[in-house]
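Novice: For reference, the chains in residue letters:
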Amino acid sequence: MLANVNVLLLDYALGSLKRQGGKSVFILIVLSLLIFLLASVLMIADAIKLELNTTLKTLPQITLQRFVAGKQTNVSLSRVDTILAFNGVERVMPRVWGYYYFKPAGVNFSIVGVDAYEEPYKKRLSELTRTFDLLTLEKEGGMIVGEGVKNVLQENYYSDFFNFITPKGERYPLKIAGVFHSDIALESNDLMLVPKQAAYAIFGMSPEEATDIVVHVNNPVEIPTIVQKITERYPDLRAITQDDLRISYQNIFDYKSGFFLSLFIVCVFAFFIVIYDKASALSSEERREIGILKALGWRMSDIVHVKFYESFVMAFSAFITGFCAALFFVYVLQAPLLRSVFIGYSELKPPFRLPFSVDVKMIVLLFFLSVPVYIAATLIPAWKAACLDADEVMR
Amino acid sequence: MSLTPEIIALLLLDAVFLFFGGIAFVLSARIAWRWRSHETTELQYALHRQSYLVSVIINYIFMLKIPLFAFFIYTCDKLSSIITGAMCASGVVNSVDFGLYLTLFKIVNLYVFGFWLLLNDADMNEEKLPFTRLKFVLFMLFFIPLFAEIGLEIGFFTSLNVSKIVSCCGTLFSAASTSSISLLFSVDEKIWMMIFYGCFALSVAAYGSRSPLASVVSNLLLALFALIALILFFSPYVYELPTHHCPFCLLQKEYFYVGYLLYALLFAGTFYAAAGGVLDLVQKRYTKRFYNLSLFFNTLYVIGISLYPLSYYLRNGVWL
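Those protein sequences? They're chains A and B, same order as listed.
All residue numbers for the first sequence refer to the numbering used here, where the first residue is 524 and numbers rise by one.
All residue numbers for the second sequence refer to the numbering used here, where the first residue is -10 and numbers rise by one.
Honestly, the hints are just simulated from the structure, not real lab data.
Given the structure is predicted, the values throughout are model-derived calculations rather than measurements.
There are no misleading hints in this set.
Cross-link-like lysine to any residue pairs, in silico, SDA-like; alpha carbons within 20 Å at most:
1. K884(A) to F58(B)
2. K67(B) to Q765(A)
3. K779(A) to L149(B)
4. K907(A) to V15(B)
5. K54(B) to V887(A)
Given only the sequences and the hints, what does the whole structure look like? Please build it.
Specialist: Here it is as structure tokens:
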């Protein structure tokens, strides 16, 4: 069986790789590159998924959105009290938020209305609002913006205030009262925290309405039951739970990396053919070598073993090289170019760091996608080489 | 159908196996048909070289199949987090009608191809290559389950519906379920436990009697009843939960992936005695090495699995 390692043959295989020189190096580089690309994509996808899942824990347990004719619309505030009366519901908070398109920079700002007398629906948001005095914010007409927003505004010469244009066409100026830094940049880079009444004015919404409603439940196990109760009472409300989001994140990233992988398979196939060809075309030197070995009494199995060791050593070292290069590329260099495939492009691209997430499972997955395919490509050429007859070759 | 990277990896390797398996099948048919070991024609010489290619290919497939089996279960485990209702691999496997057959085929193929490789080894080590025709006829037979497995696996992943609600292992492996496994629950689990230890005693006795046939029979029985006893008697002790009987949850992190170790031991132990025994029956001799290995792994398995109820009893003073 191939499992029993013969150290002498392994040594011979290493020597043979060294003798082939340029050819080995070429294959090693190409294979490493392929594995590097694949590993980078999988690592980026995993890292972003981890980042999103960390964010997920800070998101509300249930978000209720009202849909009319398939489009999301505002919810009446009167529903808040009805929902609060359900058993098991701890807190219900209407939210006023939305996107504001800023044409000169071609970006969307996320505007979130905050109220001094209301506890924010997110822990992180409450940390933010605690550091800034919301009451004075309301009185003086100010807002707190994320770092990305601040930079965009500054580029457009809004250094201390910003003029929102309301749907009625009026100007609504708000002072930039502060800039916040968040350790999870993905969610807060494009954020503008404005007083609630300002948000109503900017969006042109009626004060009896909210964008959506956030529900907090004491016992997380009860979430499905409460969702069922709410949607039975208000069939036009759609409930999104944390679990729904987690599943859709997983699906999106599995889909994205799956999509990439499907394209990658084409590459692998092309590479398979190149390797098959390379491994089949033996130089006269190599043919003579095999002929001599056979004349010396080597069996077919010995030569196949040597060839197997050669390809395993090649594939494995390319695997290690590619994997380490990907580690460096993704976590040290923060994957320039490639990460935009996953994050999408936007002027307010959040400059976040990819959190480190590499586990055994990913290494195993990468291994299965690369090493066996390479070895498979060399199986038949190795056998063909082993079939050479000593007398024919040396004649 | 969802194309996660894991599924793509499995399907890619399936395609490779199918390709090489197909080549091996065609070559085997040729060899089985025209092999004449006493002739010295050009054709026989070519056939001999081709027979070597087939053994290389099967070696390759088998060497990958063992880790891939674990990887398959792991993939199902991972899918269980996105399929509603599934809490471990068993829910995912059972979400498609033939999922259980796929798993069974995978296990059967491991035994069958392992046996083929042992036969191949025995054949190559004999001067006269006495089993060459036999092993290629056998491979043509064994190709059917391999082909079925690959077909089922492709079908499994294409018909896997992420939004379908499936049963979790708590209901699949319970007395209330309507599947065939509920029949086993009607018998007291202590009886299964005793049958399991009985089979182990039988295999030890077979080892003492130095009879290959007894070893094969006792070890096949041991493999079967070890699984049944694991589901019905031992698993509640592993989970420390009297109602939890799932054989897949053992493979999860919460139980320190102990299942991978236990199943590997059980496979190694029963495989060496069963496959080695059949080989000895064919060759009409007795190879002590197989039975030593088998006894070693089986004993390790029995000790490992027995430690769970024992330690539970020592800590809590009651049996579940």
